[in-house]
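Novice: Given next are the chains, with one letter for each unit.
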Amino acid sequence: MTDATPSPRGATGSGPSTRTVSTAAHHATTDGKPLLEVRDLKKYFPVQSSGLLRRTVGNVQAVDGVSFTVESGRALGLVGESGCGKSTLGRLITRLYEPTAGTIEFEGQEIGQLSNKQMLPIRREIQMIFQDPYSSLNPRHTVGTIVGTPLEVHKVVAKDKILPRVQELLEIVGLNPEHYNRYPNEFSGGQRQRIGIARALALQPKLLVADEPVSALDVSIQAQVINLLQDVQREFGIAFLFIAHDLAVVRHFCPEVAVMYLGRIVEVADRETLYHRPHHPYTQALLSAVPEVSQLTTGTRRERIRLEGDVPSPINPPSGCSFRTRCRLAKDICARVEPPLLQVGPTHKVACHFPGELGKAPDRPVTARLLGTDDAGAPDPGATPAEIDSRPGFGPTWYDLEARTVTSTPRPGA
Amino acid sequence: MLGFIVRRILTAILVVFLTSIFVFVLLYKGVANPAGPVCDAQGRCTAERLAAIEASMGLNDPILQQYGEFAGGVFTGRTVSFGETEYDCPAPCLGVSYGTRGLITDELVDRLPATISLAVGASIIYLVVGVTLGVLAAKKRGTATDRVLVSSSLVVSSIPYYLFCLLAYIFLVLKYPVFDETGYLPITEGVGAFFLAMLLPWLVLGLFSSSNYARFTRGQMVETLGEDYIRTASAKGVSGNKVVFGHALRAAIVPIVTIFGLDFAALLGGTIFTEQIFRIDGIGLWALDAVTRPPLDFPVVIATVLVVAVIITIANLVVDIVYGFLDPRVRIS
Amino acid sequence: MTSTPTHASAAPGAPLLEVSNLSVRFPTHDGLVQAVSDLSYTVRRGQTLGIVGESGSGKSVSSMAVLGLHDPKQTRLEGSIRINGREIIGASESTLREMRGKEVAMIFQDPLTALHPFYSIGRQIIEAYRIHHKVSKSVARKRAIEVLDRVGIPQPQSRVDDFPHQFSGGMRQRAMIAMALVNDPTLLIADEPTTALDVTVQAQILDLLQDLQREFDSAIVMITHDLGVIAEIADDVLVMYGGRAVEKGPCKEILSHPEMPYTWGLLSSIPEVTGDVDVPLVPIPGTPPSLLNPPSGCAFNPRCTFRDQVPGDLCRTELPLLVPGGRGPGHEKRCHLPDPDAVFQAKQAEILVEAGLDPHAPTTGEDAR
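Chains as they are written, first to last, in numbering that gives the first Met the number 0: chain A, 0 to 413; chain B, 0 to 332; chain C, 0 to 368.
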């Protein structure tokens with residue numbers, strides 16, 4: 000991804016394109032490439048009929064066109080409710096699944112279609128931490144074997160150096176290095192998760208995909224593991240894709256957070272923006288539903304946005320915006336046109352026709368002109384659709400929701 | 000559901016077809032010349048006579064053509080010739096026995112009732128006794144009752160079945176004639192006589208197998224009784240027995256039914272030891288005789304293998320369909 | 000649901016559930032597991048008591064005892080549990096059965112495993128109703144549809160015949176609640192009812208429980224590990240650790256002025272979606288205690304970072320009593336620390352200073368911006 004982003008042209012013509020590079024647009028690393036760049040990634044699981052001939056009658060659209068970047072040493076959080084596709088996404092990045100479409104670039108190399116053999120060197124760089132510390136460790140292997148196997152498979156250290164390295168790793172994750180010949184069942188849940196982390200660290204990966212790493216643990220243990228992961232990240236400069244349903248844990252861990260709904264990213268932003276000024280009605284509902292102690296102790300009870308019903312089936316997602324069936328703001332355009340993931344701030348993208356802070360949603364769709372439709376979403380022959388930058392990460396310019404123009408100057412106070 | 004059944008029937012037909020080819024080719028290719036015994040049976044066997052019989056039996060034809068004739072006979076009937084003698088074999092024709100020169104189909108129909116009677120009676124016993132004891136042990140798990148039930152079932156299982164069968168025969172028929180002579184009498188010859196003659200074989204086979212069922216049921220029940228929905232049922236105020244039978248057994252019965260279906264099919268395929276020791280002229284004894292008594296009776300062996308293959312595929316199909324009814328989660332809509 | 004509650008005996012505000020000096024012990028091969036020790040609490044009509052604790056704290060075991068669900072042969076129960084004045088401990092199995100599901104109903108954590116997979120939702124609700132009401136199946140079915148409708152299941156007339164796997168997670172929990180409500184119980188025990196659910200569905204279920212409580216004036220015992228849920232729904236809170244109550248009192252009081260280091264630990268180890276992200280999480284070191292060989296003195300002492308502030312090694316030698324704290328009689332705590340509120344405030348300030356923040360600025364709760 001380069002900085003030469005063509006500014007989206009709205010119907011008014013070119014916006015004030017003062018090309019001062021925003022300080023917050025952090026996607027420019029030294030070589031100009033993020034560590035991980037995922038573009039329009041899709042994973043469909045076929046559904047077969049039960050008839051005489053098993054035809055594929057539909058697809059579970061688990062991940063449906065997701066783009067994002069993870070910078071080296073940073074952490075991107077992925078939140079959403081069960082069935083939103085966040086775990087599938089994690090398994091696509093680690094190539095436990097093969098993508099249906101789209102690209103996964105790791106250090107500039109496309110890995111989405113690599114064979115298992117070609118993936119081997121890459122697997123050293125991308126490791127995974129699983130949710131359940133009970134089922135993800137082989138009960139018949141000692142801790143030494145579990146943590147040492149990756150070292151052996153990838154031949155990163157000499158055979159006689161494996162044990163010292165294992166002990167070093169156990170010490171890093173806060174376990175007694177002398178316990179290398181014990182079995183997983185001799186450890187508590189939190190300690191097992193530490194073993195899983197030691198295993199993931201063994202190959203000094205550049206990216207860790209952590210899928211609900213603390214949700215199976217007791218509250219007091221969760222904090223221990225989160226702190227350990229933060230120490231590890233700081234010390235070794237590992238980038239994280241942190242997948243969790245717990246919005247508070249993700250906020251604590253990740254400076255940048257993406258919210259998923261029905262296989263798509265509906266909003267992605269720096270945590271400050273996402274948690275304090277969410278622009279997508281789903282993000283707003285999600286945040287308002289989190290029960291918190293401080294609401295009671297300080298008497299700042301937030302108004303809860305009730306979401307009715309259930310998440311629709313990913314086999315037959317609603318037309319247009321997938322959230323419209325439960326959205327308070329939904330209008331005609333939402334059923335007709337899928338809202339693009341539009342950059343609305345230096346580090347803020349939202350996929351909504353009516354994006355805005357809670358209670359300040361615009362009356363008319365901001366996207367209509369950009370998409371070349373009228374306010375109801377019907378094609379408008381008079382309008383010239385703008386080119387919307389669909390590339391992952393954040394560009395130097397964005398669409399200012401108040402001025403309704405493309406800009407690269409942050410509004411004061413925003 | 001219908002599509003599922005049709006698909007399964009088609010697979011079953013394919014399985015039976017492949018089994019029949021496999022057995023046919025193996026037997027006709029691998030074992031001594033089938034014409035030999037026929038020739039021997041007709042007096043002094045000269046080389047010319049042997050060649051003539053081979054030709055009349057079609058043994059010189061390519062193996063697939065021979066199979067084609069055999070398979071065709073199953074559907075349309077055919078003429079089977081042994082040298083000079085020819086037999087008219089109407090559909091469904093499985094050939095003519097080398098030993099008795101009787102039509103295989105007729106012999107099969109003669110013997111099937113004995114085997115079916117044995118299988119049905121024994122399986123009712125092991126299902127009822129085994130499941131009851133298993134449920135009892137699970138309900139009283141950890142107590143003396145449980146330990147006695149489990150260990151005695153292990154003792155029974157560790158005796159070889161033929162010995163169990165033989166000892167029962169020696170002690171209960173020969174030494175202390177509690178039971179009269181055993182065997183199979185057609186039910187048309189008197190219901191009482193039929194039951195009396197079959198009672199000991201049923202009990203021996205049924206009680207022996209029930210030890211396995213008791214342990215299996217106990218295992219399933221202990222697992223089910225630990226499930227959350229059992230706690231839910233108790234929390235609703237459901238009584239202890241209703242929890243055990245209405246909630247736990249309902250869930251535990253599903254894998255038991257699966258195993259039962261396959262076991263029952265295996266019994267229909269013949270129980271060689273039981274039929275031999277208690278002199279029940281069923282499929283198992285028939286197959287045993289075909290293999291052990293000269294001349295080696297190829298058509299009978301092929302017929303018995305085919306019958307077993309058909310029964311087992313049908314049983315599998317039935318089990319799958321029943322499973323769908325028992326477990327709504329696998330019901331295909 | 001139009002029928003009036005059948006147990007009008009308890010006056011509003013009168014104690015509905017009184018647990019006093021309850022101990023639950025399980026003899027095992029390795030020794031006696033002391034799952035619950037000397038636990039006392041009261042729940043009144045229309046009130047919600049939140050019981051917080053981690054796995055092994057005894058919070059679920061104590062509630063199972065309220066329904067008499069422990070196998071008497073494998074459990075040693077002591078103390079007293081009174082529901083509407085009637086003693087549960089030592090009561091006959093038939094008395095307990097009569098009470099279960101009728102006076103006290105229970106909702107479990109994972110509705111997928113807590114509902115029988117082979118019986119339809121309707122059948123399970125009908126069964127629950129007909130145990131306590133001698134009515135025909137069709138009457139019970141009408142009632143089942145009625146309660147499914149009340150808990151917000153769409154098209155209850157047709158969904159009543161669905162099996163649990165055909166429901167979504169939130170709908171299953173609604174069905175579970177419907178089953179619990181079908182006999183108009185006066186006391187509802189909810190054991191982690193929202194832990195397996197997504198946050199928006201959790202919000203729906205908590206709303207539903209609160210609505211139903213208002214409508215039927217029932218008492219709720221809410222067992223959870225999530226202090227946020229407690230803050231949302233409970234009137235009183237009971238914090239359990241190692242099988243004992245370590246702190247109890249009105250919810251707002253306990254959560255704003257906790258006086259027991261374990262409660263402090265719980266509060267400082269959970270992140271929030273509001274407040275300052277730079278406030279570090281302060282985990283409780285170590286692991287929960289063994290119930291077979293509980294630590295001597297205060298069960299929390301091996302993990303407590305304030306042990307040194309108590310003179311004479313008291314924490315290790317003597318079990319602190321559950322006594323009223325410094326802020327009034329409603330608030331009870333089990334801790335030897337002399338002035339816990341002051342220690343707590345000092346600790347909070349210390350955490351903030353370490354993170355480079357101003358300890359005098361309001362941090363918890365208010366949006367710092």
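To be clear, the hints were calculated from the coordinates, so they are not data collected in a lab. Virtual Cβ for every residue (Gly too), placed ideally from N, Cα, C. Check each hint, because a few of them may be wrong.
Dumping the calculated DSS-like pairs for lysine-lysine here, alpha-carbon to alpha-carbon at most 30 Å [unchecked claim]:
| # | chain 1 | residue 1 | chain 2 | residue 2 |
| --- | --- | --- | --- | --- |
| 1 | B | 139 | C | 141 |
| 2 | C | 251 | B | 241 |
| 3 | B | 138 | C | 133 |
| 4 | B | 241 | C | 346 |
| 5 | A | 160 | A | 116 |
| 6 | C | 72 | B | 241 |
| 7 | A | 116 | A | 158 |
| 8 | C | 141 | B | 138 |
| 9 | B | 241 | C | 136 |
Just a sample of chain B residues kept apart from chain C, beta carbon distances all over 10 Å, derived [what the hints assert, rightly or not]:
| # | residue |
| --- | --- |
| 10 | 6 |
| 11 | 25 |
| 12 | 63 |
| 13 | 74 |
| 14 | 98 |
| 15 | 135 |
| 16 | 173 |
| 17 | 180 |
| 18 | 228 |
| 19 | 232 |
| 20 | 291 |
| 21 | 297 |
| 22 | 326 |
| 23 | 328 |
To give a feel for the contact side, a few chain C residues facing chain A, derived at Cβ under 7 Å [said to hold, decoys possible]:
| # | residue |
| --- | --- |
| 24 | 22 |
| 25 | 53 |
| 26 | 164 |
| 27 | 167 |
| 28 | 199 |
| 29 | 227 |
| 30 | 228 |
| 31 | 231 |
| 32 | 249 |
| 33 | 251 |
| 34 | 272 |
| 35 | 275 |
| 36 | 278 |
| 37 | 280 |
| 38 | 282 |
| 39 | 283 |
Novice: Now look at each hint and say whether the structure bears it out.
Specialist: So, going through the hints one by one against the coordinates:
| no. | hint | in the structure |
| --- | --- | --- |
| 1 | B/139 with C/141 | violated (38 Å) |
| 2 | C/251 with B/241 | violated (44 Å) |
| 3 | B/138 with C/133 | holds (28 Å) |
| 4 | B/241 with C/346 | violated (56 Å) |
| 5 | A/160 with A/116 | holds (26 Å) |
| 6 | C/72 with B/241 | holds (20 Å) |
| 7 | A/116 with A/158 | holds (23 Å) |
| 8 | C/141 with B/138 | violated (35 Å) |
| 9 | B/241 with C/136 | holds (17 Å) |
| 10 | 6 | holds (23 Å) |
| 11 | 25 | holds (44 Å) |
| 12 | 63 | holds (49 Å) |
| 13 | 74 | holds (42 Å) |
| 14 | 98 | holds (51 Å) |
| 15 | 135 | holds (16 Å) |
| 16 | 173 | holds (48 Å) |
| 17 | 180 | holds (47 Å) |
| 18 | 228 | violated (4 Å) |
| 19 | 232 | violated (7 Å) |
| 20 | 291 | holds (48 Å) |
| 21 | 297 | holds (48 Å) |
| 22 | 326 | violated (6 Å) |
| 23 | 328 | violated (5 Å) |
| 24 | 22 | violated (23 Å) |
| 25 | 53 | holds (4 Å) |
| 26 | 164 | violated (14 Å) |
| 27 | 167 | holds (5 Å) |
| 28 | 199 | holds (5 Å) |
| 29 | 227 | holds (4 Å) |
| 30 | 228 | holds (5 Å) |
| 31 | 231 | holds (4 Å) |
| 32 | 249 | violated (11 Å) |
| 33 | 251 | holds (6 Å) |
| 34 | 272 | holds (5 Å) |
| 35 | 275 | violated (11 Å) |
| 36 | 278 | violated (9 Å) |
| 37 | 280 | holds (4 Å) |
| 38 | 282 | holds (3 Å) |
| 39 | 283 | holds (4 Å) |
In this structure, the earlier hints numbered 1, 2, 4, 8, 18, 19, 22, 23, 24, 26, 32, 35 and 36 are contradicted, and the remaining ones agree with it.
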